[in-house]
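Novice: Input sequences plus hints: build the corresponding full structure.
First to last, the sequence lines map onto chains B and Z. Convert by adding 446 to the 1-based position in the first sequence; the result is the number in my numbering. Convert by adding 412 to the 1-based position in the second sequence; the result is the number in my numbering.
By construction, these hints were calculated from the structure, which means they are not laboratory data. These numbers come from a predicted model, not from an experiment. Incorrect hints may have been included.
[Unchecked claim] Not everything, but these chain Z residues come out facing chain B in the computed CB check (under 8 Å):
(1) Gln459
(2) Trp464
(3) Ile469
(4) Phe498
(5) Leu516
We put the beta carbon where it would ideally sit given N, CA and C, even for glycine.
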Amino acid sequence: MRTHYRVLLLTLALVPLAHVAAHHSPAMLYDLSKEISVTGVVTEFQLGNPHMRIYFDVDNNGKTEKWLAEGGSRTQLMRVGWTEDEVKPGDKVTVRGHPPRDASQHLIHMEYLTLPDGTEQFAEDIRYDQFQERRRRPQEAQP
Amino acid sequence: MSSARLLAGSRLSLLGVLLASSFAASAQRADPAAPFVGVWSGVFTTQENEYWTFADIQCFVGCTQEFYDRLSGLLADPKNDNTPAFALSGQAEAASLAALDAMLTPLGKQVRAANKPENDPKFLNCQPYGFVREVTNPLPMQISRDGDHLLVRYEEWSLLRPIYMDGRAQPTHTTPSLLGHSVGRIENGALIVETTRVTPDLISDSSQAGHSGELMAVERYTLRDNPRRLELTLTLTDPATFTKPLVVTKTWLRTPDVELVQDTCSQQPGKP
Numbered sequence: 447m448r449t450h451y452r453v454l455l456l457t458l459a460l461v462p463l464a465h466v467a468a469h470h471s472p473a474m475l476y477d478l479s480k481e482i483s484v485t486g487v488v489t490e491f492q493l494g495n496p497h498m499r500i501y502f503d504v505d506n507n508g509k510t511e512k513w514l515a516e517g518g519s520r521t522q523l524m525r526v527g528w529t530e531d532e533v534k535p536g537d538k539v540t541v542r543g544h545p546p547r548d549a550s551q552h553l554i555h556m557e558y559l560t561l562p563d564g565t566e567q568f569a570e571d572i573r574y575d576q577f578q579e580r581r582r583r584p585q586e587a588q589p
Numbered sequence: 413m414s415s416a417r418l419l420a421g422s423r424l425s426l427l428g429v430l431l432a433s434s435f436a437a438s439a440q441r442a443d444p445a446a447p448f449v450g451v452w453s454g455v456f457t458t459q460e461n462e463y464w465t466f467a468d469i470q471c472f473v474g475c476t477q478e479f480y481d482r483l484s485g486l487l488a489d490p491k492n493d494n495t496p497a498f499a500l501s502g503q504a505e506a507a508s509l510a511a512l513d514a515m516l517t518p519l520g521k522q523v524r525a526a527n528k529p530e531n532d533p534k535f536l537n538c539q540p541y542g543f544v545r546e547v548t549n550p551l552p553m554q555i556s557r558d559g560d561h562l563l564v565r566y567e568e569w570s571l572l573r574p575i576y577m578d579g580r581a582q583p584t585h586t587t588p589s590l591l592g593h594s595v596g597r598i599e600n601g602a603l604i605v606e607t608t609r610v611t612p613d614l615i616s617d618s619s620q621a622g623h624s625g626e627l628m629a630v631e632r633y634t635l636r637d638n639p640r641r642l643e644l645t646l647t648l649t650d651p652a653t654f655t656k657p658l659v660v661t662k663t664w665l666r667t668p669d670v671e672l673v674q675d676t677c678s679q680q681p682g683k684p
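Specialist: This is how it looks when you write it as structure tokens:
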């Protein structure tokens, strides 16, 4: 039983990383039709490539849950002013974005991040919600 | 100064301008690769551009031709006008993954099963990934002239890639590398680049399929719309892993105003 539990823990620990490896369309991994907001305390921030990650602890009625927020690409965020000190361990932040299709995972596709001072900033490469109604068919070149 | 001298001087100036224009035009004609030189952006840095279709956007990180054509077909069908575009994308993705699965050799299937991104030391240590994912990455790239050759600077990982345009043959003994060895030529206005000697790697993150060291890649870049749109058709031939060539596509827009950002991620080993 204990072995099974360890295997399960190991599996759960590995699954989220599978999602954050390299660039991918979030539509494949997350339910873009839903939005969730999660508040917690940062344990690690990585302005990494291909995706920025924030690891944070969430207090769920006295039980600490380990969450991972996946945001935009390193250089694309640097292009709009992000630095490696944007978030620090110990910061209380709120992450707003899309839940994973597998709702059992403590994983969120981060679109917006609220910093300890209350500032909310965009944390993705592109605003995926705007594309749902984009042109479906090619047209002549724009002038 | 006499009027005759003034007239002679202005004629000389005019001659100089004409000669300069002529030389510039000749230089342009002499370099058929010139239209490809510049900064090219994918969706990330041009997302507000109305030029993009939904299929282009869904293919922001490159996709198989199968996926792009299938999704474009679904989107073009009036019967699907009331179906959310993301749902159609899901249908196309499932079908194209099934098609890819069907063309994998036994070794290709083994490679795919063995690819575990969570265990990939390159990912965990902030090391650049391989040729196919680099060529189709979603961040901007800059193509410039480097003497007789072309030099591609990718913002992704800040990698530099020479493309030798002087007609040389592919080497047979060069040590394989991340981006391999590339020779190029202009053919009927298209930039054709052949790449070999690539170290085995993934072809995409969504499929987890990979290629062997026997990969032969042919990139065909074509310009459309004066020439605003750069389209890539990337044909991957690797009999070790694919039973037939796999075709991948991706599009960029010309963006002279976009500056590439220096990516220092790989300078921090162990700290992605």
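Novice: Give a verdict on every hint.
Specialist: We went through each hint and held it up to the structure:
1. Gln459: 5 Å, holds
2. Trp464: 7 Å, holds
3. Ile469: 5 Å, holds
4. Phe498: Where the cut-off is 8 Å and the nearest Cβ of chain B is about 5 Å from Phe498(Z), the hint holds.
5. Leu516: 19 Å, violated
In the structure shown, a violation is registered for the earlier hint numbered 5 alone.
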